[in-house]
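Sequences are here, hints too, so could you generate the full structure?
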Amino acid sequence: MFDIDVWQEIFATIRKNKLRTFLTGFSVAWGIFMLMILLGSGNGLQNGVRTQFASNSVNMMWLWAGETSMPYQGLKEGRSVKFNNADYTFLKGMNQDLEQVSSRFYLPGNIVYTYKNEYGTFETSSCHPSLKLMGNMKVTSGRFINDLDINDYRKVIVIGDNVRLALFKDVDPLGEYINLNNVPFKVVGVIHDKGRRNDDERTSYIPISTAQRIFNGADRVHTFAVTTKMVTTVEEADSITADVRKAMALRHNFDPKDKRAMGSFNLLAMYIRTMKIFQAIKIFVWIIGIGTLIAGIVGVSNIMLILVKERTREIGIRKAIGATPGSVIGLVLLESILITTVAGYIGLLFGIGLMEAVNYGLEQAIGSGEGERIFFRNPTVDFTTAITAMVILIVSGALAGYLPARKAANVKPIEALRND
Amino acid sequence: MIQIRDLHKSYEMGHNSLHVLKGLHLDIEEGEFVSIMGSSGSGKSTLLNILGILDDYDRGTYYLGGKLIQGLNETKAALTRNEMIGFIFQSFNLISFKNAMENVALPLYYQKISRKKRNQIALEYLDRLGLKEWAHHLPSELSGGQKQRVAIARALISQPRIILADEPTGALDSATSLEVMEILKEINDQGKTVILVTHEHDIAAMTKKIIKLKDGVIEEVIKNGELLAFKNRVSTE
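Sequences listed follow chains A and B, in order. Numbering of the first sequence is given in my numbering, commencing with residue 1155 and proceeding in unit increments. Numbering of the second sequence is given in my numbering, commencing with residue 2 and proceeding in unit increments.
Some, not all, of what chain A presents toward chain B, calculated at C-beta under 8 Å:
hint, residue
1, K1170
2, A1477
3, G1480
4, P1567
Calculated from the structure, these hints are not laboratory results. Glycine included, C-beta positions come from ideal geometry on N, C-alpha and C.
What follows is the structure, encoded as structure tokens:
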């Protein structure tokens, strides 16, 4: 079936019908090309959005205190909710739902940093050591805040890379002291927060216990950043949020449904929802792509039918001199598979080529720093998808050829050879 | 060689059934040179198709070389055709995009003989028919007589037991017709059974036996010795 004669016969008929073969092949190539473009774009959008999420762990959740907006158990609305260190201990204890907990106390007003003759105003945040585990923070030199810093109320600071550039220039900042509103802090580390936008490297971190003590915070906490257990469904993520809200509502006497009393945001729920949308988009893309492909295949099938009709006489001759139905079917089927596979492969190459070119352009833009906010990254199709598309092509080529091949096999030599 | 008993064949034409062969008896021995004659509608094409296993029949028996040919599936029929029968057609029926040699070699392709070997055999046969230098020409570059000779070579290459020729001279002028008949006669002289269908009396007269069909049965069988009488009768008609 796969010897050189079969191929010679197929190429002879293709040569005889160049334009028709081209047009047929084109419809298949176009179908695959569109499928690749659509899939690539879908992937690009998904990768882009995933990159945006990547500035934090996707399973992060934030809680912030507010003011009640609903009366609860005889208490009026308008009370302000205040978090404290006990809440931190409590949240840390909820370990079936939560993994890491860090609390934050906002420093009042603008903090002026001074080092020798240099000074500037920078954003300062207070935290627990676990904050490092939640984001994509990278300590480029020294270390991050640790438990000893918290317990001993150490006056230490981890500065952002921009702060280092502004104050220290070429001097190694580790071990140096900078003054925050005239309180000296020892620099123990420099961080580079790669997931975030450039301005966030202006943020520096001090231990929350130190912040509360120096800036008159008592045991007040403004926000919590936590990571939740990794779950896969929106329902599970939402139920974690609900559990945390319920527990906190009980501790602070507010209605769990009162969104203004305690704000909460569960990134994981949003992440899962977003990824679900992309899954839906992907299914949609496949449906459209396969639809386009079917149009192409119907075209191939149609052409092959005409071809069989035109070749009725030839098939009749072949059968008269001993061609078995199997060999006739093989001839038509192989031609159909050949046209769809070759044309499809060309479409595949063009589609992948275009997406790679777009990707190259995007990489250039991202590399030059313009691409930070591009919601479109790596719009390429992976190897498995390409292989899947290829298999679909071969199968569809066989399908397209099947009907005409059956028709060819049923050609009656008598009718085909009737003198007309 | 061929033994046909009480052969019936009818075609469905919409709601009507057309009874073409009505209980035909026919015996053809090995090495005979037979022509089948008859007006259109007499059933001669139908008989030829059944003889060539291109069509099935309804009732009766057909033995070809001692083998009952009945209800064969397509694959078996194709193999039997390939092995037993060589076809020659009025319109030559060469494959237009294959050259003379490839056309001749085609039956051997279906016998799964290697390309090199079958092309070599095809060249031998073309040589025997005086067409060696035309081996690499396409059918469109050949004359009618040459095309028919290529077709004869193709019919012979699988070394069949019988040659079936359907109006082999129908598309040729009289000189070329004569030439083709000479070739068929030679083939017959070498011991092959040759059966041809024709409606031309002078062509039929060149064979050794004439079977006249009328309305689905054999009307008359004219044997060798009576051919002269047949010729005279035809010329007076």
